[in-house]
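J.: Below, each chain spelled out in residue letters.
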Amino acid sequence: MYLYTKILIFSLLFFLSLKVYSESRDEIIEKGRELYNGAGSCVACHMQDGKGQKGTIPPLAGSDWLKESSARSIAISLRGLAGPIKVNGKKYYSAMPPQLLFNDEKLAYILSYVNNAWGNKENIITKKQITQARKELPQDVFTPQTLLKRFPFDKKYSKKNGTFTPTYDDTLGEISSPVLYRTFMPGASPAAFAVALPGNHYYCWDAGESRLRYVWTKGGFIKANQAHWSSNGKPVAEFNGTPYYRAQTTLLKNETFEELSKTNMQKPIYDTSQAVDFPILIEGIKEAPSFLGYRLMDGFPIFRYSLGKHTITELIRMNSEKTGIKRIFTISPPTKMTFKLTPTEKASMHSDCGKIKPDGTLSLSSSESSKFSIIITPKE
Amino acid sequence: MKFFLPFQFFLFSLTMLGVTAPQYSVINVPPPPTKYKNIQIDGLTFLPNGKLVVCLPSGEIFLRDLKSETWELFAEGLHNPLGVIALSNTELIVTQRPELTRIQDLNGDGKADDFEVVTDQFGMSGNYHEFNFTPVRDRMGNYFFALGTGSKGDGVRTITRGVFNPKGRPGRMHSSAPYRGCIMMHTPKGKTIPYSFGHRTPNGLGFDLEGNLFVTDNQGDWVGSSKLFHVQKDHFYGHAASLAWKTGFDGIPIKTDIEMLAKMRSRACVVFPHGTMANSPTEVLAISEKANFGPFAGQLLVGEMNKPRIVRVMLEEVDGELQGACIPFIDGHPLGRGCNRMAWAPDGSLFIGQTKHTWAGGEGIQQVVWNGKTPFEIQNMELTQHGFKFTFTKPIKRKIAEDRANWPFKRYFFEYREAYGSPRSDEVNIEIRNIVVSQNEKVVEIELAELKPWHIHEVKIENLKSQTGEELTNNYIAYTLNRLLEETPPDPLHIKKQEKN
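Line by line, the protein sequences are chains A and B.
Anchor point for the first sequence: position 366 equals 366 in my numbering, and the numbering is continuous, going up by one each time.
Anchor point for the second sequence: position 263 equals 263 in my numbering, and the numbering is continuous, going up by one each time.
Think of the hints as simulated: they come from the structure by calculation, not from any bench.
Careful: at least some of the hints might be erroneous.
[Unchecked claim] Examples of chain A residues toward chain B, derived with CB under 7 Å:
no.	residue
1	Pro190
2	Ala227
3	Ser231
Ideal placement from N, C-alpha and C gives every residue a C-beta, glycine not left out.
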């Protein structure tokens with residue numbers, strides 16, 4: 001009994017202390033409402049109903065600029081906003097000066113109110129957020145452009161409200177037809193391809209060694225191409241994902257893609273004249289493959305290269321279940337051969353012509369080699 | 001005195017800004033609808049059917065129908081294409097970083113579907129400066145293209161293409177991957193060879209009307225001032241790094257005795273004085289029968305990235321070698337900077353593509369149209385026994401031309417040295433001995449007190465007017481005097497040993 005009383009008292013004290021140190025959401029909003037409506041305050045321009053004034057002062061009620069980012073309204077309040085701004089599709093021409101009258105605490109109240117008045121349903125803004133922003137934001141008055149650059153709209157939403165200016169990579173969000181770039185890729189010779197397949201699987205194919213280097217699906221296609229295209233061509237493309245398949249070569253040890261992106265080496269790890277571990281083994285052929293070019297079929301590149309007297313083509317598409325890639329090879333003239341894949345726990349591999357051994361070896365007869373497929377699918 | 005200052009300044013600015021004869025107008029061409037905003041033009045030519053072809057850094061190739069004024073995308077995905085020639089309406093040859101590539105539209109849908117390696121028998125270290133410039137094709141069907149060296153601004157990649165050669169690696173601009181700094185030849189039989197050596201940033205090959213091959217080079221290490229070379233097989237043009245790939249050359253190129261390098265070196269047929277004529281020359285384009293461009297047929301145009309300028313080059317054979325003069329031609333606003341690629345349109349006008357790639361330059365496409373009337377320009381400058389003969393496009397005012405004070409001649413040379421660029425050395429004014437104006441008053445022969453071989457001789461003609469009172473549009477001209485008509489002394493080499501600390 002004594003114990004229960006003790007718990008009860010402590011709980012009461014606890015709730016009381018909470019009451020002292022932390023205000024309820026409603027209380028914060030109420031304090032904000034008072035400040036907002038104070039004489040000469042926000043209300044003077046944005047009006048009591050938060051609807052602003054046609055053509056000059058943008059509305060706060062239902063404003064798309066408040067959506068999903070408190071950072072924008074904090075920035076505008078602290079630094080001001082110059083230049084016409086389009087809010088909910090309509091243009092407003094007045095500038096907003098920085099709000100110098102309010103300290104961080106008061107500004108937090110006001111913005112919390114604005115975020116939750118007139119049907120707005122956004123976050124409560126804390127004093128800490130304001131203090132931090134005051135420290136970190138550049139001193140200049142914002143324009144809608146500089147503000148959006150710093151605090152962009154959610155992509156989906158900005159497409160809707162007309163403020164969306166796509167970067168090239170944005171147009172690749174969902175791949176509906178194949179995209180091919182020749183560009184510098186990490187972990188490949190400087191003569192590399194980056195290809196995106198419909199269904200958002202991506203691969204790097206190396207013309208310097210006529211072989212597939214790696215395949216990935218998560219994290220999107222390559223980035224940094226804008227830099228590549230606008231500059232002197234130096235940047236090596238980046239991607240976010242982890243390849244679910246990566247062809248092994250004994251010349252590379254455990255280098256990360258970051259290490260393999262280096263452009264400031266005194267000498268290379270190896271040059272393509274030293275390349276080993278070509279995946280297609282044909283008896284009697286010792287020379288390296290020679291890249292011949294590619295042909296587009298429905299936008300998909302069909303790479304072709306010679307290996308001795310043989311011409312080999314490789315076409316990579318999604319498999320029929322759209323769960324991974326299907327590599328379709330032709331060899332002419334056909335020949336008995338061995339294909340060496342790199343076994344990995346991240347992907348399962350099979351062929352339409354025989355069984356791939358645990359060590360990744362696929363042995364094909366001469367007739368099988370004329371056309372065969374290898375399917376590689378990531379394991380979840 | 002102070003009163004005159006602003007006026008003098010105004011005159012000074014005008015001459016600095018450059019002018020184009022009023023008989024030429026510069027028109028902006030609407031940019032192609034690239035997915036990427038950047039409109040740098042790195043390749044430009046015309047199809048036999050008259051469509052304009054342009055290559056962009058984004059790897060896109062667009063075609064423009066000049067009649068319907070519409071763009072269409074022909075190909076995409078290329079790696080920094082820096083030059084294009086059209087073999088037919090559906091077949092292009094392009095230099096891109098990794099290859100010389102044949103691009104074809106096989107199914108006739110207007111979009112390229114086959115990309116065939118013509119040759120990739122050269123190396124790539126992955127250094128950004130290893131550009132692959134401007135394919136050209138000679139009458140025998142040989143292709144030539146120009147490989148840039150790597151820059152000290154960066155190193156090499158982790159995997160490089162072609163045999164890595166550590167001997168070519170040291171130096172400001174390097175050649176550690178095969179044939180960087182060479183002009184390459186690819187024969188119809190499929191052989192690819194390094195054709196000439198010693199190039200630094202050879203951004204622009206071109207033939208004259210006789211079929212001589214030329215290439216420009218940009219000022220830098222081993223290149224005292226930008227140049228135009230007459231490209232000949234196995235010649236070495238001065239930039240040391242690519243010697244790493246020359247058969248019979250031993251040792252580390254930049255550690256080789258500079259006197260030995262200087263003796264191996266073939267001189268430029270035209271040096272573009274740095275700062276005053278051109279700092280980053282680009283493509284070479286002959287003023288051909290196709291051109292409708294004034295009384296300059298057979299001469300060469302050379303683009304310039306750094307200034308809004310296209311330079312005109314006039315060459316002559318002296319003592320068995322080509323040499324000659326350069327003069328600004330299409331100059332200053334409204335021409336943009338970055339003039340990188342040029343071609344003659346079906347109507348004989350000049351199309352120009354502009355680029356920058358982070359250097360000084362510009363963006364866009366412009367067209368230069370001649371109105372058919374004669375501009376007042378120096379038509380030609382030729383070497384004589386004791387001076388130079390100037391031919392003008394129009395009769396000149398005899399009295400002005402006969403005034404020696406109007407011909408302030410200077411001469412100087414640029415040193416051959418490993419360090420970047422070169423100051424003007426041995427720069428002196430040259431006294432005029434005699435001036436003879438021809439009876440038709442279009443030719444002026446200047447006799448100089450001294451002609452100094454292996455020196456640049458330049459003059460900024462003053463006050464000269466045509467008989468109808470026009471001012472000479474471009475009055476600054478520089479003649480690269482290597483050889484005299486007779487008894488040329490040996491090349492003094494003009495070397496400057498690097499002080500190493």
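J.: With a cut-off of 7 Å on the beta carbons, see whether Ala227(A) makes it to chain B.
T.: violated (10 Å)
J.: With chain B as the partner, please determine if Pro190(A) meets the hint condition of a C-beta pair closer than 7 Å.
T.: holds (4 Å)
J.: Does the nearest C-beta of chain B fall within a distance shorter than 7 Å of the C-beta of Ser231(A)?
T.: holds (5 Å)
Violated hints amount to a single one, hint 2; each of the other numbered hints is respected by the structure.
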